[in-house]
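Respectively, the protein sequence lines represent chains P and A. If you're matching positions, the first sequence starts at 18 in our numbering and goes up one per residue. If you're matching positions, the second sequence starts at 9 in our numbering and goes up one per residue.
Hint data in this document are derived by calculation from the structure and do not stem from the laboratory. Remember, predicted model here, so these are calculated numbers, not experimental data. Each hint should be verified, as a subset may be incorrect.
Unchecked claim - Cross-link-like lysine to aspartate or glutamate pairs, in silico, DMTMM-like; alpha carbons within 20 Å at most:
hint: 1; chain 1: A; residue 1: Lys-193; chain 2: P; residue 2: Asp-102
hint: 2; chain 1: P; residue 1: Lys-101; chain 2: P; residue 2: Glu-45
hint: 3; chain 1: A; residue 1: Lys-193; chain 2: P; residue 2: Asp-87
hint: 4; chain 1: A; residue 1: Lys-341; chain 2: A; residue 2: Glu-351
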Amino acid sequence: MAAMKFYCDAERCIECNGCVTACKNVNEVPWGVNRRRVVTIKDGEPGERSLSVACMHCADAPCAAVCPVDCFYTTDDGIVLHDKDICIGCGYCFYACPFGAPQFPSDGAFASRGKMDKCTFCAGGPLEDNSSEEFRKYGSNRIAEGKLPACAEMCATKALLAGDADMVSEIYRKRVVNRAQAALGKGSQLRQRKFGSKVDLEGKVTN
Amino acid sequence: MRMTTTKSSHGHQMLKGMLATVLLVLILPLLPYVFAVNTDAPSPVAGSVPNPGADLWRAVRQRDGVVTGSSQVKGVETGVLISPAGKDWLEFRREKLIPYSAYVFAGVASALLLYFLLHGRIRIKAGRSGVRVPRYSRYERWVHWIMVVVFLTLALTGVILLYGRFVLIPLLGPEGFHVTAQISKWLHDIMGPIFIVSLIVMTFTFFHEALCRCKVDMIWFLRVGGYLGGKHPSSGKINAGQKSWYWAVVLGGIVLIGSGLVMYFPNFQQGREIMQDANLIHGLAAVFVIAFMFIHVYLASVGMEGSLECMTRGDCDENWAKEQHDLWYEEMKQEGRIGVQSEK
Numbered sequence: 018m019a020a021m022k023f024y025c026d027a028e029r030c031i032e033c034n035g036c037v038t039a040c041k042n043v044n045e046v047p048w049g050v051n052r053r054r055v056v057t058i059k060d061g062e063p064g065e066r067s068l069s070v071a072c073m074h075c076a077d078a079p080c081a082a083v084c085p086v087d088c089f090y091t092t093d094d095g096i097v098l099h100d101k102d103i104c105i106g107c108g109y110c111f112y113a114c115p116f117g118a119p120q121f122p123s124d125g126a127f128a129s130r131g132k133m134d135k136c137t138f139c140a141g142g143p144l145e146d147n148s149s150e151e152f153r154k155y156g157s158n159r160i161a162e163g164k165l166p167a168c169a170e171m172c173a174t175k176a177l178l179a180g181d182a183d184m185v186s187e188i189y190r191k192r193v194v195n196r197a198q199a200a201l202g203k204g205s206q207l208r209q210r211k212f213g214s215k216v217d218l219e220g221k222v223t224n
Numbered sequence: 009m010r011m012t013t014t015k016s017s018h019g020h021q022m023l024k025g026m027l028a029t030v031l032l033v034l035i036l037p038l039l040p041y042v043f044a045v046n047t048d049a050p051s052p053v054a055g056s057v058p059n060p061g062a063d064l065w066r067a068v069r070q071r072d073g074v075v076t077g078s079s080q081v082k083g084v085e086t087g088v089l090i091s092p093a094g095k096d097w098l099e100f101r102r103e104k105l106i107p108y109s110a111y112v113f114a115g116v117a118s119a120l121l122l123y124f125l126l127h128g129r130i131r132i133k134a135g136r137s138g139v140r141v142p143r144y145s146r147y148e149r150w151v152h153w154i155m156v157v158v159f160l161t162l163a164l165t166g167v168i169l170l171y172g173r174f175v176l177i178p179l180l181g182p183e184g185f186h187v188t189a190q191i192s193k194w195l196h197d198i199m200g201p202i203f204i205v206s207l208i209v210m211t212f213t214f215f216h217e218a219l220c221r222c223k224v225d226m227i228w229f230l231r232v233g234g235y236l237g238g239k240h241p242s243s244g245k246i247n248a249g250q251k252s253w254y255w256a257v258v259l260g261g262i263v264l265i266g267s268g269l270v271m272y273f274p275n276f277q278q279g280r281e282i283m284q285d286a287n288l289i290h291g292l293a294a295v296f297v298i299a300f301m302f303i304h305v306y307l308a309s310v311g312m313e314g315s316l317e318c319m320t321r322g323d324c325d326e327n328w329a330k331e332q333h334d335l336w337y338e339e340m341k342q343e344g345r346i347g348v349q350s351e352k
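The following block holds chain P by itself, in its conformation from the complex (with noise of 0.2 Å):
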C-alpha cells in the first residue's frame, strides 16, 4: 500500500507560484480558496528559503480527527479526502489543521461559507472518477488517470516532488548525497548562506 506524499526542496524553490496556478487552473477551485501556496521565509535577507504548502495528507489527520460529521476519509494510496455531500461547513477541520490547507469557500454575503474545500493531491472525492459532478466538487482526477498532482508535475525546477512516499524520499535523499558529494569533491559550499545563518552589518556571514 502506497503513502501518497508532497515534498518541497526549500534548495531548488524559486517562489515562481507555478504550482499554485497549475492548482487552480486543473481544479478551477471555488473563488477564495488556494489550495496550494507558496510561503518565503527571510523574505529579502540572507537564507532566503521558499516552500511550497499544500494538505501534507497526514497519516493521523488532525482534520478528519476533528469533524463533527466524521467526513474524511484515508484512499488506499494514503491521499487524505473529504465528503462534500457529508460536510456540514462547520469550519473545524480549519481550526486544526497547523498547514491551513481545509479552508472556507467565501463566496456570498457575510462570508456565507459553503462546504470545506481542501486540496485532493489531484485525486477527486468519493464521487464517481472523472464524473462532471466530482470535477464541479472537487476538482480534476488525475490520480485516477494515472497521473501525479498537477503542482509537481508543473514545477520547473523539480522542487514539488509528489508521488509515493517511498520514492519522494529516495530522490531527496540521492539530492542530498549528491549535494553533498559535489560540495566534498570541489570544496565549494552548498550555497553560501544556510537558513538560519547570522549576517552582521557587513551582509558578512558570521557562522
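Following the hints, complete the assembly by docking chain A onto the known chain P.
For chain A alone, coordinates are given in the frame of chain P:
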C-alpha cells in the same frame, strides 16, 4: 596420575578451542568495517551530510522557530507555515470538553433525580387556597417562552454537533447523521442572531426583579433556599437562586454571543487561534448554562407544585406565594392585588 594429566591437557585444549570460538564470533562480524574504511568511494557516514531540508524544517518547527513568512497568496495567515495551536484545541475538545461536559450534564441530572427520589415534589404545604395572585404579565410570559424556544433550539443543536459523531453516527450512519447535522448547523446559525435580540429583550424585561437585595439573598444562599431542609428563607418576587439563573443566562449569553460571532464571521481577518479560543469559550459557557437550565426546568416543573402555572397562566396560588415568595406576597397584599387574575 597419568589419567589426571591426560584429563588436564584435554581441559587445556577445550579451553583454547572455546577461546578461539569466542574470538571468532566477536571479530568476524567486524570484518566488513575493515573493507568499508579502506574503500575510496566517498560514502559519507549519516550525519556528516548536510540535509538542508531537515535543517530548514528544524529551524521552522522547533521552539522559537520562524513559522511565519510571506506569501503571494493573499489572505488570513497565508504566510504561516505551521500553526501548532490547532492540536491543543483539538485535544482539549476531544479529551476534555466532550467527556467532561457529558459528566457535568449527567451529574446534574442524576443529582436532581436523587433529590426527587429522596425529597419528592415540593408541595404547597397549606394546600391550594383558590385565590390567585398575578405574577407575570402576558408580555413577560411571551418574552420567556420565545427565549425558551430559541435557547432550547440552540442548546439541542449545539449538543448534537458536539456529541453527534460519537453518539449519533453509530445509530444513524454518516449519511443519516449528515442530514441531522446540517439541519442542526443551519438552525444554530439562524437562531444565533435571534438569540441576541431575545436576550436583550429578556435582560431588560426581568432586570428590575433580578437586582440584588443583598441581605435577603445572602440569607437565602446560606440556607440553600431551604431545599435541603430547615426554615424556608424569605424572598422577594424571585429568590436568589432564580436571580443566579437570570445572571447566568445574561452573562453566559453575552459570552456565548461574543464567542459565537467570532466564529460566525470568519471574514473579519481573525486567525485560527482566535477562532479556536472562541470555540472553547463557547463550549464551556454553553455547558455551564445548559447544566444550570436543568435545575431551572426541574424546579419549574416536576420539582415544585404550583410553579409552572406562574409562567403558563401568569398568576399563582395565594398559599404558594406566601410559602415561596413571602416578601413579594406582602408587597402584593399592600397593593391590594390579591385575587386579581393575570391577563390571559
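Outcome of the hint check:
1. A:Lys-193 to P:Asp-102: holds (15 Å)
2. P:Lys-101 to P:Glu-45: With a Cα-Cα distance of about 16 Å, the restraint between Lys-101 of chain P and Glu-45 of chain P holds, given a limit of 20 Å.
3. A:Lys-193 to P:Asp-87: holds (15 Å)
4. A:Lys-341 to A:Glu-351: holds (19 Å)
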